[in-house]
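Based on the hints, put chain B in the right spot on chain A.
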Amino acid sequence: MNKTIELKVLSKKDFETDQDVRWCPGCGDYAVLSQVQKLLPTLGIPRENFAFISGIGCSSRFPYYMETYGLHSIHGRAPAIATGLKLSRPELSVWVATGDGDALAIGGNHFIHAMRRNIGLKIVLLNNRIYGLTKGQFSPTSIIGQKTKSTPYGNVDRPFSPTALALGAGATFVARALDTDLPTLGNVLKRAAEHRGTAFVEVCQNCNVFNDGAYATLTDKATRDDTRVILEHGKPIIFGKNRDKGVRLNGLKPEVVTIGENGITEADLLVHDETVPGSILGVLLSQFEGPALPVPFGIFRAVEEPVYEDLYAEQAASVRSQKGQGNLEALLNGGNTWEIA
Amino acid sequence: MNTMGKLSAAAVVGQQTDEPDSIVIRFVGDSGDGMQLTGSEFSKIMGRAGFDFATHPDYPPEISAPAGTLYGVSGFQIKLAAEGALTSGDKPDMLVVMNPAALKTNLPDAKVGATLIINSGTFTQSNLDKAGYAGNPLEDGSLDGYRAFPVDMTGLTAASLADSGLSKKEVGRCKNYFALGIMLSLFDQEPEVEIEDIKRKFAKKDPKIAEANITALRAGFGYAEATELFVPPSQSLRPQSAPGKYRSLSGNQATALGFVTASEKSGVPLFLGSYPITPATDILHELAALKHFNITTFQAEDEIGGICSAIGAAYGGVLGLTTTSGPGMALKTEAMGLAVMLELPLVIVNVQRGGPSTGLPTKVEQSDLLQAVYGRNGECPVPVIAARSPADCFECAFEAFRLATKYMTPVILLTDGGIANAAEPWRIPDVSSLPEMKVTFRTDPEGFMPYARDENLARPWVRPGTPGLEHRVGGLEKDFSSGNISQVPANHQHMVETRAAKVAGIAKDIPPTQIDGPSEGDLLIVSWGGTFGSVTKARDAAEKFGKSVAHVHLRHLNPLPPDLGDILKRYKTVLVPELNLGQLSRLLRDAYLCDVVSLSKVQGKPFMVAEILHRILELA
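Going down the list, the sequences are from chains A and B. Numbering-wise, the first sequence is residues 1369 to 1709 according to our numbering. Numbering-wise, the second sequence is residues 3 to 622 according to our numbering.
The shape of chain A in the complex, shown without the other chains (with noise of 0.2 Å):
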């Protein structure tokens, strides 16, 4: 690179587009919006090599609000798009916004092969536990007994975790945020896009107009301290308003103690580590739920491993250096010819 060449300073007022943002007031993807624009400026990327690819739901407008390049897809596909857009072009910034419909209905076989693969892609789900475009019917993240315009006697259709999905597909990078808590939105956005590989970022937001209240447990002042407990990387799971409380594991089960009860001290905790070989500690902390658990937010896992373009790259080089560069007319002219005089 021409090393003369100055870059422009950009700010979010640059990724920023000219289109009125059509989400409904009130709705907690306006926060992802704000701080993805936030983040972009200062990775030092030009910004005409970030390209934004989504599905279909709210959150999959996404793109259309990005001064980047941006392509708004079909139901669940957009990790598939994105695939092919990073490995016939790495050396652009790929970022997927989807959601919990998008990805993990719909789009669930491209969701879980693109965290098997370890793909330089970034997947922002934005998970509000219902389907929010169609109006309010139940999502595969919408918990049992929640009545919906499709389950007008409560939903029986049991949940799953997105981290855990995530986490059993081998994702090497999977965070979780809350659209309230902008530090640790921030961080793990920050994280996810300096993540080689896959990165994984759930962020639990609220959709006030059909499930609204979904998270306020964890983001209600009076009762976040207890619910949930934000993940730092060497450090026992402590939470609670006066921060003595903490989750040690009996054999493999996680229980909550009380620090400084019954000889509790902070030795006794379960220490978080987001480079655990495997996946193990961070599908136990995806598990976590309320009431009898905290609910984590922050890293679960990041681990370097090798990246699907990586390799990819590295094979075609080699079989570059050994055949050399392709050469159409020997091709055409290989297997087996014969000249007829």
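No lab work stands behind these hints: they were computed from the structure. Just to be clear, a hint being listed does not mean it is correct.
Said to hold, decoys possible - Not everything, but these chain B residues come out facing chain A in the computed CB check (under 8 Å): (1) R149; (2) P152; (3) S250; (4) G269.
To be verified - Quick list of the computed label-pair ranges, beta carbon to beta carbon: (5) G1538/A x A593/B: 27 to 37 Å; (6) S1689/A x S434/B: 52 to 62 Å; (7) K440/B x P1674/A: 32 to 42 Å.
Owing to the predicted nature of the structure, the values given are computational and were not obtained by experimental measurement. Glycine residues also receive a C-beta, built at the ideal position from the N, C-alpha and C atoms.
Structure of chain B alone, referenced to chain A:
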């Protein structure tokens, strides 16, 4: 509609269509007997000797069905011709039969009096039972009227390999080379060329197997030379291929090479996103091996992932390609609609097979034409072209990307399981004589509008990474020029009509339609895709009957050639033979308010020349 209900009459006609300058041979045996290999090796050797040929592999969907069963029979048919083989032939003049089940299932197809070379070593009571024979056909007179030559290939191969140190099972696998040896002797070819091939094929894996196959080949060759049992079946057959350098090429190989050529000639990398499906997968195999070219292949998690990754690549500014067969096309439908809205160049290959649903995965059919032309939600025009022969796949693959990039549109290329797996000699073109493909990317931010159009109604192609051209595209209807989301009623009508006009406008790019035969008259045959060879041969045969018949073969199916409507009007009757229930017939009636006579066949098999000729003689 005329279905194939008159086979007995056609069979009589078939006896009269004998082409004196060709011979049809079919190798038949168990799926594990190596018939596909034997047949394709034999084809290659005869091609090298200067013959034109066309092949038709016919194998069961099971990888290795239980031995000796009727449904486990695998066949490979080849027609050798002095020139212009075009089809793999109707009825075999010669069968190479490896077991009773193969005899049982294939004898009815053979010509009366056909030459049968039979591995008598497999005619055991147990195999006869499995094939449902009450008696042994080699002994009970049921082969009277044929020139049957029983040879104990199993026993003779085993004897020749007695000292090889191989197991009985391994020895058993060499008998197809014994059969090939016999055939080389019969057709005056030296075994040396094949021996080189065997060494290349097997030596790395296991030199002992290579040696055994060579021994079996020589043994078969020597046996045929020594016994002088056989009379060469067609003394008069002499090769007449035009001078040049040739190779044997299957349709799927040709398709792959055509795409590589499109990439090399345009200077734009190629990206294939694909999911394995019979009979299209070989295109993925071919391209996956070419990593030293500017080619990326991606085996996706499913068919939808295949096309969607290709769309992502096309958005990234490379040639996006996806390859599949009927059921996969159904899955890709929604994404094709997206590509139409995004107006990005993309090529979708459908190697058609028997449908609906899983249908007949390994058999030939042309029943996805209407799906290709119409099968999407909304007003969703996609150009459709079809290849007519294995070698034509090369040109069609190139043409598909030429149209896709020039008009910024997805293009569907239809081939079929027949031409995809069939092989023919391909005269290798000089690279410099191949057309160039000009592709430009917009880089100028000044006045940039994502959906502003050129004289072909194509919008600009922009590579992400180009400063100042950041823009959003998507599946929602968009404003005519800015590309921003638009729900304005008049704008939608304008966009729908513009997308339709863009694809319709491709008609001006189609060369004048070639008519074989009189330019007006009583009967015109219109065909498309893999039936080209059968129809051409049928027309030739009809001429010998003194009938004046014209033939038009279509490559472009959407849009249709601009001169086609006028051509149709110049004939009293239009006959459209198709391996479906009349899909092109519907398109022609719809486009030209012109009635056509449909000749339909859906049996998983190509047309026999006689079947088409029979209908011609009824009409002309």
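* If any of the earlier hints don't hold here, list their numbers in rising order. => Hints 1, 2, 4, 5, 6 not satisfied by this model.
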